[in-house]
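Student: Chain L is already provided as a structure; the job is to place chains U and S on it using the hints.
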Amino acid sequence: MFLAFRPWKKEGKLNYMDAVRPKESLKSSPSYARGKSRYIFANRFRALFAYLVLLFFVAFAVGPVLYLISPALRDSISLFDYPPKIIPDEPTLDNFRFLFDSTRYLSWALNTIIYAAGTTIISLFTNVLAGYAFARLQFPGRNLLFFLVLSTLMVPVAAVLAPTYLMVREIGELPIIGRPFFGLDTYLGLILPCTVSPLGVFMMRQFISTLPVGLYEAARLDGASEWRILFKIVLPLIKPALVVLGIFVFMITWANFLWPLVAASGDDYRVLTVGIASLKGQFVTHWGVLAAASLMTLIPVTIVFLFFQKWFVQASMAGALKQ
Amino acid sequence: MAEVILKRLVKTFGSVPAVDDVSLQIPDGEFLVLLGPSGCGKSTILRLIAGLEDATSGEIVIGDELVNFIDPTRRNLAMVFQNYALYPHMSVRKNVAFPLETAKMPRHKITEAVSKAAAMLEIDEFLDRLPEQLSGGQRQRVALARAIVREPKIFLMDEPLSNLDAKLRLQTRIELMSLHERLGITTIYVTHDQIEAMTMGQRIAVLHEGRLQQVGPPTEVYDVPANKFVATFMGAPPMNLMDGELQQSDANWMFIREGYRLQVDQEQMRIAQSALANAVGEVSLGVRPEDMRLGDLGSNGLPGIVRFLEPIGSDLYVTVSVESHSVQVRMPPKTKVSIGDKVKIEFDLGKAHLFDSSQNNLRLS
Amino acid sequence: MSKSPDYFNSGVPTGQEAWAKLELSSQEYRKNASRYRLRYLTRASGFLAPYMILWLAFLAIPVGWAIFLSFNDGGVLDPRYWVGFDNWARTFDDSELTQVVINTSLFVVLAITIVFGLAIFLASLINNHRRGENFFKVTLYFPLLAPPILGAMIWHFMLHFDFGIVNLITRGLFGWEGVNFLGKNPTALFAIIAVEIWRGLGFWVLFYLAGLQSVPGELLEAAKLDGARGLRRFIRISVPVLRPLFLFALVIAIIMNFQLFDSVKILTDGGPRMGTATIVWFIYRRMFAFQDTGLAFSASVGLLIGTMLLTLLCFWLLGRGRKRES
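Protein chains in written order, with the working numbering: chain L, 1 to 323; chain U, 1 to 365; chain S, 1 to 326.
Simulated from the structure, these hints should not be mistaken for lab results.
Check the hints yourself; a few may be wrong.
[Said to hold, decoys possible] Chain L stretches covered by chain U per the calculated footprint, using a threshold of three residues with CB under 8 Å from any CB of chain U:
| hint | segment |
| --- | --- |
| 1 | 212 to 219 |
| 2 | 227 to 241 |
[Claimed, not checked] Think about it this way: if two alpha-carbon atoms lie no more than 25 Å apart in a straight line, the pair counts; the simulated DSS-like pairs of lysine-lysine are:
| hint | chain 1 | residue 1 | chain 2 | residue 2 |
| --- | --- | --- | --- | --- |
| 3 | U | 334 | L | 232 |
| 4 | U | 153 | U | 167 |
| 5 | L | 310 | S | 137 |
| 6 | U | 116 | U | 104 |
| 7 | L | 239 | U | 94 |
| 8 | U | 94 | U | 109 |
| 9 | U | 167 | U | 109 |
| 10 | L | 280 | L | 85 |
| 11 | L | 232 | U | 104 |
| 12 | U | 153 | U | 94 |
| 13 | U | 153 | U | 104 |
| 14 | U | 116 | U | 94 |
| 15 | U | 94 | U | 104 |
| 16 | U | 116 | U | 153 |
| 17 | L | 232 | U | 344 |
| 18 | L | 310 | L | 239 |
| 19 | L | 280 | S | 184 |
Each residue gets a CB set at the ideal place from its N, CA and C atoms; glycine is no exception.
If we strip away everything but chain L, and leave its shape as in the complex, we get (with noise of 0.2 Å):
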């Protein structure tokens, strides 16, 4: 049925027709042949209604992102215009302008890059260590301590948002190991509370328990110490679900709002997120910048996706399905 649905398939098609089999006498009735027509006809509109359909919520999806294309080119006031200019008669290039030269967008870029791949970095390597030992080490009270960790799995990041907030400055007041290498306003007070979601210790502990256990216990009678076992012979092997992981830190992270909001609100070490908020003025806004701001963003992510699409679906779904 599911071929039969299938305008394009002719084989399909004979197949379902073949599975019924009419006899050769009643095919060559005229009401079969109106049968058959009317199946087809029916096939090809459901097909034709379905992709109406789907192709409208691709519009939904692209369209507000290609559409940011034109009020990025005009000036802010002829948005006001009536009638619309959708396509303007002079483009001008003065948003992407007073974004460089006006705001601080190329630090809010870097420190996002910043952001984002010491959380990913720093996430992989506390949950791959962390993972290898919920899955492979023996050691009392192994079980337990995996339950409590868990157990935070479900804990909203908003409803501990001001208590980590209060931690990040207490910490941050200490001696030694507080400002300037840590508290609010750093990179590594940005950086460290971003990266104790227990989901990637989780699924590292997923995957590397689906190795075979005889590869572990061959190196360690080769002689191998639990680091070269977990440097030379588990992370090779992992290599994918690090990629599923860090795509998915990564994304997670560099749309983070409201932490970087509260944690590093100063003018240095402001993220992109939190920048182009702060385009969005109470009482005045440069539409245009905001809109140029907004494709600027997008624009590398959207060719980095392009390029790996597969290790993007299936990073997201890793959060969902690994579970």
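Tutor: Relative to the frame of chain L, chains U and S by itself:
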């Protein structure tokens, strides 16, 4: 190279004993086979020696070192796993070199050792392939090369042949034996296949439900099984067992069952007088199929009726029902016998065994 | 059978030195064994420490601290003092908080219903019409690349009263004045829902598509032979397969959506007249703008408990479903 001693070794998982009070001494250079049905604890013993499991109690000595509290990484022994456990992302060369690189051996020595091991096992042609590009037999040889390359104190092998097809198994068996002969490294080999055990082992240790049943050279274990379990586990078809009663009449010992009386000759059966005296009551008489023959009806044998005939080319196995028992007899292939025939079964008293009510063999040697 | 030493003495010379090694007193044995086991712990702690320290500092302790501070006032800028259940009492009769809980719940219910319904519908369309599958996957997924606040910015250009494309079209085509989506209730909430659907739809389509494509082929074949068609077959075959997936998706969606903040902050900042204010927006405001930390913490803990209860409920339903199926 080293001697291995297990003393009163116990391993329990939860409350289930997997290894129950096993003591064993394996002299330097010996090829010992741990034999038993699945779940008898033979693999667990191997893993205890390797250090992959911690003993619940008891001691393990390798060389003259107590290794219970030494990390498996530093016990310097090599293990060949059932599924070979080759590192899938490394070439054969890297696989074989891995233990040496781990030991931080200088590069040129590693190259030398790898090519020596590769030559010995004839894997030099595919040193640069990945394990997934090899056949089962080739993988097996790579696993062996990885094991021998760093000259371990002992070899542990966990059913290494069970993933190979029958023909390859035969060939690899011979290779393993010649390898042992050349290197002379103490080898502990786990299998459930009694043919493998008989052909390869210098000694066999038979295990059942975590307990050691018997240790000895293959012929001894086969000829004088210590108890009923060993008697039926070794040999295919297994030893025939017939229940009966041991009685003393005058100076003679008699084995009695319905329609059959047999005088037990201490001399021929090599059973001590005191053992017989203790065993009076229910006993089992055991004789291997190859030690039995079909006699004529006038003889003084076990009476029975032929039920099945299994010609296997070299021999003919005749299944005879004796009362409620069935007894298998091995005969020459062209024997004239047909189903339904009444027969009497004869055997040499010198080849018969008597098992007492606690299943132990009364025979001395 | 006997495990006596005479078995291993048969014909084999015994190394006296080696036997001597075996003579460990039980006390020594136990001492060595526990030292050996301790090594396991030290080795594992090297692997666990980096994560566990961060976890303690930024997840476990904050959870505890939030609970503790919900019984206090101050503690952020002002000195902290114990107020017992005052905050909790206020939590239950603060009209603003009641409002945001209602708003958030309304948002969660509407957004999840619509997005799941659409996603399942689109996923089965794609599944039935395989041509262009990858194109639809990629394009529908695309909005997820935009961080939520960018999504909100982008949608200004759709929904703005003066220059939003929706109003421009209706004005041009029908001459209507247009709708001030963001300036009115309840359209402001609908606008927020639209933005969240825009961002999330592709993800859920892919999610359900993966689920649908995991329906075993034989099952569909069997249903075909039984004569089940269209919707009937979907209900009989695909729904049971999707059910556990669906409940699981529900857990994720509930946790995510109850934390709605970014697009609210950008699009309406809670307005008009608190019509789009959400729980996290409320917590943020009380904490960082009003310094009413007591209520911020009790609301945080309330959010934590509420989410956990809902999650447990879903898992309980999931477990019950599994039991019934087996």
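Student: Next step is simple, just say for each hint if it's right about the structure.
Tutor: Each hint, compared with the structure:
1. Closer than 8 Å: that is the beta-carbon criterion, and the segment 212 to 219 of chain L has 6 residues meeting it against chain U, so the requirement of 3 holds.
2. Against chain U, the segment 227 to 241 of chain L contributes 5 residues with a C-beta closer than 8 Å to a partner C-beta. That satisfies the three-residue criterion, and the hint holds.
3. At most 25 Å may separate the alpha-carbon atoms for a hinted pair to count; residue 334 of chain U and residue 232 of chain L exceed this at roughly 63 Å.
4. In summary, the hint linking residue 153 of chain U to residue 167 of chain U is not supported, as the alpha carbons are separated by about 30 Å, beyond the 25 Å threshold.
5. Simply put, residue 310 of chain L and residue 137 of chain S have alpha-carbon atoms about 10 Å apart, close enough for the 25 Å limit, and the pair holds.
6. Only pairs whose Cα atoms come within 25 Å are accepted, and residue 116 of chain U paired with residue 104 of chain U is accepted, the gap being roughly 18 Å.
7. Only pairs whose Cα atoms come within 25 Å are accepted, and residue 239 of chain L paired with residue 94 of chain U is accepted, the gap being roughly 19 Å.
8. The straight-line distance between the Cα atoms of residue 94 of chain U and residue 109 of chain U is roughly 14 Å, inside the 25 Å bound, and the hint therefore holds.
9. For a cut-off of 25 Å, the pair hint linking residue 167 of chain U to residue 109 of chain U is broken: about 36 Å separates their Cα positions.
10. Restraint check: the Cα-Cα separation between residue 280 of chain L and residue 85 of chain L comes to about 23 Å, which is no more than 25 Å; the hinted pair holds.
11. As the CA atoms of residue 232 of chain L and residue 104 of chain U are separated by approximately 14 Å, the hinted pair is consistent with the 25 Å bound.
12. Restraint check for residue 153 of chain U and residue 94 of chain U: the C-alpha separation of about 22 Å stays at or below 25 Å, so the hint holds.
13. Proximity of residue 153 of chain U to residue 104 of chain U is assessed by CA-CA distance (about 18 Å); at most 25 Å being required, the pair is judged to hold.
14. The straight-line distance between the Cα atoms of residue 116 of chain U and residue 94 of chain U is roughly 14 Å, inside the 25 Å bound, and the hint therefore holds.
15. With a C-alpha separation of about 14 Å, the suggested pair residue 94 of chain U and residue 104 of chain U falls inside the 25 Å cut-off, and the hint holds.
16. Of the pairs offered as hints, the one joining residue 116 of chain U and residue 153 of chain U holds, with about 18 Å between alpha carbons and a cut-off of 25 Å not exceeded.
17. About 68 Å separates the Cα atoms of residue 232 of chain L and residue 344 of chain U, which puts this hinted pair outside 25 Å; it is violated.
18. Restraint check for residue 310 of chain L and residue 239 of chain L: the C-alpha separation of about 15 Å stays at or below 25 Å, so the hint holds.
19. With a CA separation close to 20 Å, the supplied pair residue 280 of chain L and residue 184 of chain S stays within the 25 Å bound.
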